[in-house]
Amino acid sequence: MENALSGIKVLDLTHHIAGPYCTKLLAAFGAEVLKVERPGGGDISRRMGPFPNDEPHVEKSAFFLYLNTDKKSITLNLKAATGKEIIKELVKDVDVLVENFAPRVMPSLGLDYQTLEKINPRLVMASISNFGQTGPYRDYKANDMMEYALSGHMYINGHPKREPLNGIEHQPEYQGGLHAFSAIMAALFWREESGEGQCIDISIQECLGQEHEYTLVNYTHRGQIQERLGNRFEIEHPLTIYPCKDGHISMSGNFALKQEPLYLLVDRLDLLDDPRFQSARERFENADEFDAEVGPWFLERTREEIFHSAQELRVLCGPVLNLGEALEDVHYNERGFWQDIDHPTAGKLTYPGAPFVMEETPWQASRAPLLGEHNEETYCGWLGRHKEDLVRMRQAGII
Amino acid sequence: MKKLALEGVRILDLTRFWAGPLAARVLADMGAEVIKVEDLRSRGLASVASLQDSQMTAGLFPNGVPGEQPWNRSGMFNDYHRNKYGVTLDLTTQRGKELFLELVSISDVVIENYTPRVMKNFGLTYPVLKEVNPTLIMISMPGFGSQGPYSNYMALGTIVEPYCGMSSLMGYEKDGPSLMGVNYSDPASAMNAASAITLALFHRRRTGKGQYIDLAHIEAMACLIGHAYVGYSMNKKQPERRGNRHPSWAPHGCYRCKGEDEWVVIAVANDEEWDSFRRAIGNPPWAGEKRFSDPLSRLKNHDELDKLIEEWTTRHDHYEVMQILQQAGVVAAPVVTNKELLEDPHLKAREYYWDVPHPQAGTFPYTRLPQLFSKTPATLRGSAPCLGEHNEMILSGLLGVTKDELEELEAQGVIGTRPPPE
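So the protein lines, in turn, are chains Z and Y.
With positions in the first sequence counted from 1, the corresponding number in the working numbering is that position plus 125.
With positions in the second sequence counted from 1, the corresponding number in the working numbering is that position plus 104.
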């Protein structure tokens with residue numbers, strides 16, 4: 126067993142969610158990731174809750190702990206001249222640099238790709254931002270809801286008679302990180318042969334914009350504005366969530382296939398001949414009536430009963446799990462997905478494990494670093510500075 | 105020097121629906137030679153029979169017209185399969201399997217997203233494929249993964265999203281769990297699969313070793329809300345669904361604008377931004393009131409605040425609100441429709457759409473690869489293949505199958521260019 130990325134060094138200038146998720150993946154597959162944080166407060170995610178007992182603490186943020194596993198942390202003031210020099214020194218020695226500042230920041234620090242490329246032509250540099258490094262919205266501010274809005278997702282999220290609904294929290298940022306990761310890997314793959322680095326521009330808006338199934342095609346091919354449909358889909362019904370005895374259950378009928386298994390499940394074979402529900406289109410258009418027919422069956426049964434009896438009939442079905450239930454779930458647990466990771470300040474907590482299981486190059490997970498935990502190791506060990514320098518830099522507010 | 109990042113990599117794409125095809129397309133856009141291997145019935149969802157059943161089942165044909173060969177005209181299929189080659193092979197036949205294994209022996213990656221029993225039934229599991237190609241990378245990406253008690257259960261995005269905990273977090277305040285308007289776990293799993301494959305390719309280029317990858321959508325998705333799981337593990341508290349609100353920012357919401365069903369989102373992070381916001385909307389008297397003077401009071405009086413803000417937004421166009429507020433440094437964005445997404449000036453300036461000409465479907469715009477590489481930019485090299493379009497090119501060109509045998513295989517239904525009559 127070996128790590129896929131052993132020997133790869135990453136200079137991590139990221140903060141919040143998008144960049145850190147990217148470098149978390151690099152670290153988990155074996156890269157040495159050096160995270161550079163602001164002296165004083167560090168990564169902004171250190172101030173984002175939840176915290177144990179809701180008491181804020183820079184070493185105990187759930188966001189920070191999760192998004193920074195396996196990394197090393199140093200503090201460095203990038204605005205100080207010495208800070209910039211140190212970055213340039215580190216750049217000589219790394220394979221990858223990831224940053225997710227607003228696009229104007231790196232050039233304003235004199236740390237744009239054109240400059241860094243001269244120091245290290247093999248450098249792969251990934252910049253993740255809300256709208257990319259170019260274009261009229263380049264300097265606009267955004268958060269996850271705004272990205273959902275400007276990528277066409279929010280308009281189709283939620284109920285037709287209500288306001289558009291924000292999507293699953295922080296997915297835009299995670300998607301930015303994930304897209305950057307695959308791009309970095311492709312660039313490293315190419316570098317093995319070409320010997321050259323390159324820079325990568327990731328716009329979160331664009332990452333989300335491609336994550337549409339038929340939203341755009343619906344307009345380009347049929348001229349239709351895709352509407353909000355609640356938990357329903359135009360292509361088939363049921364493709365929805367029903368309330369049941371102990372929560373909610375997601376039913377996907379038998380997607381574009383036969384209806385018998387579903388009707389057998391709910392003991393309503395008579396619906397096969399019901400004129401209101403003959404085609405997918407009719408089932409969708411008469412969805413309220415359809416739900417009135419089958420809904421009561423679900424209300425009398427638990428998720429567990431419905432899930433297994435449905436899947437045995439090859440009916441697509443799954444429970445709506447809340448976080449605690451997923452942590453207890455048999456399937457996740459038998460696959461060994463969840464991992465307990467201990468941390469000197471935050472204690473032992475449960476984390477999601479690997480997003481995909483690689484037979485030869487496993488995922489590793491060790492705790493997130495304390496703020497500046499690796500200052501001495503990095504400045505004295507890696508860069509060969511004296512301990513007295515460290516003291517001076519600390520007094521000057523550089524680290 | 106190679107012009108594309110993954111140039112020289114050959115991938116066999118056995119996938120169906122959305123997640124798998126998108127994963128393989130991302131790799132194709134990055135330069136891999138992707139060969140889509142289909143059986144003749146695989147595009148059944150776009151066939152005439154199912155079209156009669158649904159107005160748009162997986163179809164979405166140009167101008168709604170299925171045409172003589174609807175299986176080649178599906179907008180969704182053509183979106184997920186550009187830059188790929190296409191061969192047909194019936195993997196349940198002996199000869200189909202043999203030819204597939206010959207392809208495996210000259211390929212780098214196999215990607216599939218069946219439930220685990222399917223590849224077993226074909227007799228085409230990783231150990232079998234590895235015998236003909238010891239350095240093969242293979243990824244299986246079923247909803248519940250290849251191992252574990254529910255591995256043979258079927259899943260679509262609408263099953264995965266609720267199962268991995270995501271739906272429990274999304275929804276209007278005091279309302280039930282909510283699904284995204286797209287099957288979000290499909291593209292998100294696709295990006296995980298593309299990540300896994302590029303990682304495995306890098307490892308192979310350095311060590312010469314292939315490997316097997318098991319991607320369970322439910323796990324890849326749970327990782328994308330990992331912060332919430334760690335948070336839960338701290339306090340055992342399930343977060344409440346909060347609609348468009350934010351735990352500490354206020355205002356944070358979606359507001360009606362001038363046009364019909366026209367909306368804008370506005371988010372104010374702190375007092376500084378609140379002051380900018382007030383100025384930008386012309387300092388109305390209510391905005392100076394004490395009940396809105398700091399984040400906590402704004403959170404407490406959010407409902408009233410929303411009504412007052414909406415009085416202002418309903419006088420404006422949603423793009424106009426963005427301009428006004430962004431100039432002032434306040435987070436705001438129009439909630440765009442599919443049409444507006446296509447026409448968005450920023451995306452246009454960044455050349456986000458590729459016009460993809462297709463011999464049977466005509467030319468339509470589709471989103472390009474989001475990852476912009478400075479030295480290996482993705483290019484459009486071809487439209488989605490028609491069913492069996494590259495049978496001769498691949499089977500004869502790469503494997504040396506004779507013309508006579510191709511005809512024989514076509515007569516037997518092992519390969520072909522039309523789905524069999526249903």
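Where hints are given, some of them may not hold.
Mimicking DMTMM-like on lysine to aspartate or glutamate, the simulated pairs with C-alpha atoms at most 20 Å apart in a straight line are [claimed, not checked]:
(1) 313/Y x 485/Z
(2) 443/Y x 352/Z
(3) 266/Z x 424/Y
Interface residues of chain Z toward chain Y, partial, derived using beta-carbon atoms under 10 Å [said to hold, decoys possible]:
(4) 154
(5) 175
(6) 257
(7) 258
(8) 266
(9) 275
(10) 295
(11) 396
(12) 398
(13) 448
(14) 457
(15) 469
(16) 470
(17) 480
The hints are simulated quantities; they were obtained by calculation from the structure and are not laboratory data.
Yeah, the Cβ is synthetic: ideal placement off N, Cα and C, and Gly gets one too.
Q | Numbers of unmet hints, in rising order | A | Hints 11, 12, 15 and 16 not satisfied by this model.
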